Amino acid sequence: MQSPPESVPINPRMEFKAAVLLVLVALLVSASVAYLMYARGVFERTQKLVLLADDSEGVVVGMDMTFSGFALGRISAIELAPDGNARILVDVPQKDAHWLRTSSIFTMERGLVGGTRIRAYSGILTDPPLPDGAERRVLRGDATAEIPRLMNAARDLLSNLQAMTASDSALNNSLANVQGVTDRLKGPQGALGLLLGNEADARKLITTLDRTNVLLGRLDGLAVKADTQVFGDKGVMPETRATVAQLNGLLADARGSLKKVDAVLQEAQAIAANTREGTSDLAALRAEAESSLRKVEHLVNEINRKWPFARDTEIKLP
Amino acid sequence: MAGRLLHTSALVLALVLSPSSYGRANRANLASHVYLGTAPLLPWFTVLVAFASLVVIRIVVVTAESYGLSQYALETVVRVLVLELIPLTAALFVAVRLTLPAGVELAGMRARGELDAQRARGLDPLVTEVVPRVCAGMFSVVTLAVVSCVISLVLTYLVVHGLTHTAFDGYTRKVGQVFNPSVALIFALKTLFFSLAVSLIPMVTGVQEPSSGEVRATPELQGLVRMFLLILLIEVASLIGNYY
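In the order they appear, the protein sequences are chains A and B. Under the working numbering, read the first sequence as residues 312 to 629, first letter to last. Under the working numbering, read the second sequence as residues 34 to 277, first letter to last.
So here's chain A without its partners, still in its complex pose (with noise of 0.2 Å):
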């Protein structure tokens, strides 16, 4: 039997106290490695969802979907699809998967700060959940590389503003022409010349006003005579005046003398109105004469039968 060393002092208690402290250390070790197992999603039950993306770069295995702003989700494993695609294997665990459903959108977001997002919107609620295995296109908006394109768009923006100021540029022509105009709008000419071009026409167009003003001057006196003519004493209008007051007694002797033939008319009606009565007796008349020749007829007729002197009178039997 070993005696133990004596460098260290033995107490019969310390052998109880290491074992606690052993318990203890060994204790937490494996509360944190438990911790750290729940932490990893060891523990939960998944489903899968597989995005698919023609460029994984950022992606790394570990990192979180996130739905609103909450991680829904773990990336597991990242594979290359035999066309080139990249698969991203995602773990969603059960209990959140109902956020997912068939018409859900998935976006990878890269910022210029920071590493790539995975981000899942789910616009209808109602429609049916995702299932298990799901495979779905994620659609890739990239802050970074948008910056070439960026680049490009202000390249040719420069350039074009460049070939806009050179000095044999259409913009600097017109500008310079601008110039002239101004020039020549504030020469002897001024807007005339600008507007006829050269400096003869502008004088022959001012000799054209000229005339006309004179001209004008003419129109006026003419004016002034022919109102004299028109409305003076012994004008026109005095004339017509008194044509017209003429004319006004014209017409009411006409009218008197229409009146005149109008009651020689209502006589000449009241002639025919009688002349009419006057035939209605004639037909009276003439029944009565018709009249009186037959009782004249059926007299002589009496006469004749009655008379022995009829010629031949009697009646012969066959």
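A few of these clues could be false.
[Said to hold, decoys possible] Derived contacts from chain B toward chain A, CB cut-off under 8 Å, selection only:
id	residue
1	V67
2	Y68
3	T71
4	P73
5	P76
6	A83
7	R112
8	A200
9	Q210
10	N213
What the hints contain is simulated information worked out from the structure, not anything from laboratory work. These numbers come from a predicted model, not from an experiment. We put the CB at the ideal spot given by N, CA and C, even for glycine.
Got chain A; can you put chain B on it based on the hints?
Then chain B, alone, in the frame of chain A:
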């Protein structure tokens, strides 16, 4: 010298791993070494790490917020504190407070001939003196590192989120993201190798006979330099493993 050191270290390691070293005869000695090596250090170190962690957490969180990158503050704090600073601090603390004095003590025992006396009594000083001290050093480093990591994780949560339990899920996710399998493995291996480095080298240096060549430095100083060099190598290797 280095070959002898390596040989003795391997021998001690084999003894540490063999169940016969933990026999009933040696158990009380081992228990007292382990307990006295860890328990007095734990409160002081925890308080020290808590204060240092608070300062570092506050600096990182405030700086990240001022740059609008507060979403990365948590990850940075966990990486900087838990993965890198705390295991290194624990190893150095244990080395300074426990294993280097123990190495000097062993060297003194060897110089006084106590180890030879034990050998003469049929005892193996490697089993009776070295293995308990090595175990105490390793256990102390692991304990201090684990307790301090847990404390600093709790402090990080409290500084970032305050006294609420509602952010626990999000915090857990972040911690889970930092501790992916390779990082967790490197963290565990790093802590283990730190504990081995700070425990083995001072003891083995102390227990070995100094070489008779032209050595200007004392064996204790040589052991110290070797230990720091090894810690540096382990730290560099872990950084390479984590970030490359």
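Of all the hints given earlier, name the ones this structure violates by number, lowest first. 4, 5, 6, 7 and 8
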